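Heads up: the protein sequence lines correspond to chains P and V, in order.
Residue numbers in the first sequence follow the numbering used here, run continuously in steps of one, and reach 771 at the last position.
Residue numbers in the second sequence follow the numbering used here, run continuously in steps of one, and reach 828 at the last position.
Treat the hints with care, as some may be off.
DSBU-like cross-link-like pairs, simulated, lysine-lysine; straight-line CA separation at most 30 Å [stated by the list, open to error]: (1) LYS681(V) - LYS719(V); (2) LYS682(V) - LYS409(P); (3) LYS177(P) - LYS678(V); (4) LYS658(V) - LYS409(P); (5) LYS777(V) - LYS330(P); (6) LYS669(V) - LYS514(P); (7) LYS514(P) - LYS681(V); (8) LYS750(V) - LYS336(P).
Cβ-to-Cβ under 7 Å is the rule here; a few derived chain P residues that face chain V [claimed, not checked]: (9) PRO56; (10) LEU268; (11) ILE354.
One-sided and incomplete, this derived list gives chain V residues near chain P with beta-carbon spacing under 10 Å [as the list claims (entries may be wrong)]: (12) MET648; (13) ARG654; (14) ILE780.
Please keep in mind that the hints were generated in silico from the structure rather than gathered at the bench.
Remember, predicted model here, so these are calculated numbers, not experimental data.
Glycine included, every Cβ here is placed at the ideal spot set by N, Cα and C.
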Amino acid sequence: MDSHQLPPSYSIKRWLLTTNHKDVGILYLVTSLYFLILGGVLALIFRLQLAQPGLNILSPPAFNQAVTIHGLVMVLFVVSPLAFALANYVVPLQIGARDLAFPRLNALSYWLYLFGGLLVMISFFQDRTLDVGWTLYQPLTSVFSPYVGVNTGGLGLALLTASVTVSTVNFVVTIFRSRAKGLRLTALPMFTVGVLLTVLMMLYAFPALLAGIILLASDRILGTVYFTSPQGGAILWDHIFWFFGHPEVYIVLFPALGVFGDILVTFSRRPLFARRIIIAAMVVVATLSFLVWGHHMFLTGMHPDVRRAFTVTTIAISLPFDAIILSFIYTLAKARIELKTPMLFVLGSIAIFIIGGITGVFLGSIALDYVLRGTYFVVAHFHYTMAGGALVGLIAGVYYWYPKMTGRMFSEKLGRIHFILTMIGFNTLYFPFFLSWEMPRRVPIYVESLVPLQQIATVGGFIFGASFLVMFWNLLYSLRYGEPAGSNPWGAHTLEWMTESPPPPHNFDGTPTFVDGKLSFIAANGAAHGEPETHLSRWPFMLSLASFLALLGLTTHLLVSVVGVGLLAFSVLGLAGERFISREEDLGERWPFERVDRMKLAWWTFISSEVVLFGVILSAYVYVRTASSTWPAPGTLLDIGHGAVNTFILLTSSLTVVLALASSRMGSRTCTAGFLAATLGLGILFLFNKYNEWSELFSHGITFSSGLPASTFFLTTGIHGAHVFAGLLALGYLFARALKGAYVGKGHETLEYFGYYWHFVDIVWVFIFPLFYLV
Amino acid sequence: MVATTVDIFTSLWSIFSTLGVLVGVVVMAYMVYLIVRNRAKPEGPEPEDAPKPGELPREQKGAKKLLISVILSASIVLTLISLTFIALDNLDRPPAGAMEVKVIAFQWGWKFIYPNGYESIGELRIPRGTPVKLYVTSQDVFHNMGIISLRLKVDAIPGKTNIAWTRVYETGVYDIRCFELCGDGHGVMIGKLVVMDPEEFNSWYSSLQVS
Ligand code: HEM
Ligand SMILES: [Cu+2]
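Just chain P, with the same shape it has in the complex (with noise of 0.2 Å):
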């Protein structure tokens, strides 16, 4: 197989092998609207039960999981992919880059996307999907919706979490290493900048969910009791969960606050209006939005002062988003402003976000929120922020940088048809909610009062569903019809409007740089030298696959995952030793990482996420500890012995890892090996004691659970153990590969990284020791 050269766009191999960002790009924006209908369907199915207050064209049952899943699949599987989609497409181009920094990863994010949105949907035609809310409040999910659906969503959101991980490192490394050289950080287009703040707060947001996914599926499945018990429960979930939550709120928004800057630049034909100052000010809104989460949990009855100062920090948070949306209008002062379909966009949303911004601030007062909680006030709220503010802001992107994608021009006028048809259903819809704010959420009954509210509510649904099928059609109808678009058809300023539409699989003729403060191309040489580039790789689509057999075979027929983790292991060997090409741009602006590669920085980036993951999973642990009465002394549940000996087994696994590393170094391949060998058997060691130590608990007639100190033990201790197998895996395959001198001389910088994990492990494992051996 030529992997270097793309097959052709009508070629079905095209689309599943394909590495590029800019086709990966038009497979998350194919599939994240698919999800969009998929979920506005849903949608209308139960504005339709709500139509008439004694409607029954959903059971309750029905009409819990339609709403659930239409929360899950609008939040996680539209907004956010929608977003990927565009950032595929353009960060690079913005930015000057050939592709992503590690294009088969970019693949893998996708496929794990889908996969994961696939379980979703197979979970429907289980025994009911997830019915609780896309909340998951607890104790409702862990016990009390002990159906096999639910496990099956569960499981798909994880590989969801996968997926955006894998992202976020990739997005990071790119943004961080591949720009054009003298394009700093601060001058990179708006969008760039949306996207990189986005995956940051990805980065630290995400892995609470996994987080808590995992603690919810170990209740359910192994029977911990981290929400089945009191001193756990309802609030330890909401907890992580709004940890998560809220960032998550900003995670779906910040990427159209980039189109925004970016579209309004060029139909305004002015600068934007303190541009720093609105970078600034997004910084500090995703640094606060970690610091907020407490303001959905309100009436939960949390201590005054904690409550007063989650207040402070929600109102707060309001200062810099008027600091943004005022330099945006500001934007508009002296302009010169053209209303091309985009724009209009751009300003409906704007003006749309103002109205759920200042319903935010209602929220955010404990006085008022007391009442509006769980009422359509809240629905109106966020869908004013997320659809209005979110979704139809990413839509004008769509319209923005089709030309771009597509090389032709939509119909102008189907656009603004579309767009006065999204202005019109939207608020239809979603304005009578506030005025129902005397109305619980997630009902499928109402008072008759209400009706003349709600019923026009849906006709505004039906509108804003049609209004989304002007723009299918525009969209499908101008792929073939449309005029062409030439290379820059809105006169734009950035870079992805300086080469061709649909630009060519290495985007630019030529390397773009900005050394002279405006952009000019260096001849192309980084095609000249080496081998050609690949562009093509089976294995993301295998181990997506792969990962959602193993996961499908849990809830459906363990065959399935047996075949999945022999698929699995098949395709991670497929992978690592493959032959796949892709160089990083040598001329490139690399602050503030110009020293530290991009294999390191990556492990980093990933690494910093996995802190996260164990801090959420420790706080939860420290979390129950404290709201438990008692707890068994030191020595008596636990032995300490076990702890210790595991304690010094990985201190020194971590010494034989760097002595590994400097083996190779200084060339030698029997130490390497030996030493490789050495921290393998440690680690086996490891796992072995951990293996004695639990079945004696399991002997003694300590189970998953047997209470909080039980259940949280061996759910620590077991993630822990998870990772160090992992590594274990991977110094097999280095083990191996070392035997034939793969790391003498060059290449050591793969055990450099391997070593990273490898301590980091260790010292996960030096936290756990005394938080649950000794005190």
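For this one, chain P is given, so just place chain V with the ligands on it according to the hints.
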């Protein structure tokens, strides 16, 4: 008459909604004004600093204008927050002499335990004018007890007891509903709060047989 939960909410709500609508209208009117005024006319010249293809982004200076705007909104928001804290103090302080009732939420209904030990399901009777303090918990999942027409809401969480109070000056029947998704029966988890004439209440209450 002493303030009720309804009064506290209503006064705060009217301030927020007045200011909210005002700010919203002003900002949007300004935006529309700018758009209408600056709509491109085909013959119009490009602004001098129009971004040119391939250029690095520039910015319009405006730190001062922005600072003033943000200070303005900060002062609005700070006012709102102080009002909130005042209201909150009142909400956190139930009046003395309250009748204390225990509420246990379950899938899918409400159980009430009166001071004398009497238990009832679905209906809570209270005397007009007397403050009532509710000790709310749940025996299974996370619920939320809301009597929206009294502007009262409190989470019902297993293993935890939350306190809310109210005082009603009008006899009548008020809906109690669940405001947190709690399973299949969430939509029909409806109870009644019956506010009675004090004398009627007393004769009813003293006639109760408590086992
Ligand atoms: C000025 C900025 C904002 C403030 C002060 C704010 C405040 C709040 C508060 C206090 C709540 C909790 C309400 C409750 O459940 O009782 C809330 C809910 C929510 N907000 Fe915002 N918000 C803001 C902006 C946003 C943005 C930008 C988004 C999304 C793009 C968003 C999405 C949501 C969502 C999804 C919920 C509901 C979650 C649920 O319970 O299902 N908010 N907001
Ligand atoms: Cu929030």
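Status of the hints after comparison with the structure:
1. Restraint check: the Cα-Cα separation between LYS681(V) and LYS719(V) comes to about 56 Å, which exceeds 30 Å; the hinted pair is violated.
2. Distance restraint check for LYS682(V) and LYS409(P): the Cα-Cα separation of roughly 37 Å exceeds the 30 Å cut-off, and the hinted pair is therefore not satisfied.
3. Of the pairs offered as hints, the one joining LYS177(P) and LYS678(V) holds, with about 26 Å between alpha carbons and a cut-off of 30 Å not exceeded.
4. Under the criterion of a C-alpha separation no larger than 30 Å, the hint pairing LYS658(V) with LYS409(P) is consistent with the structure, at around 19 Å.
5. Note on LYS777(V) and LYS330(P): the hinted pairing is violated, with a Cα-Cα distance of about 58 Å set against a maximum of 30 Å.
6. A C-alpha spacing of about 10 Å is found between LYS669(V) and LYS514(P), which places the hinted pair at or below 30 Å, so the restraint holds.
7. Between the alpha carbons of LYS514(P) and LYS681(V) the distance comes to roughly 29 Å, so the proposed pair stays at or under 30 Å and holds.
8. With a CA separation close to 59 Å, the supplied pair LYS750(V) and LYS336(P) exceeds the 30 Å bound.
9. Because the beta carbon of PRO56(P) sits about 5 Å from the nearest beta carbon in chain V, less than 7 Å, this interface hint is met.
10. Checking LEU268(P) against chain V by beta carbon gives a least distance of about 6 Å; that is within 7 Å, so the hint holds.
11. Because the closest C-beta pair between ILE354(P) and chain V is about 5 Å apart, less than 7 Å, the hint holds.
12. Interface restraint check for MET648(V): the shortest CB-CB distance to chain P comes to about 5 Å, inside 10 Å, so the restraint holds.
13. Interface hint at ARG654(V): satisfied, since its Cβ lies 9 Å from the closest Cβ of chain P, which is below the 10 Å cut-off.
14. The restraint placing ILE780(V) at the interface with chain P holds, with a minimum CB-CB distance near 8 Å, inside the 10 Å limit.
In summary, the structure is inconsistent with hints 1, 2, 5 and 8 from the numbered list given earlier, while agreeing with the others.
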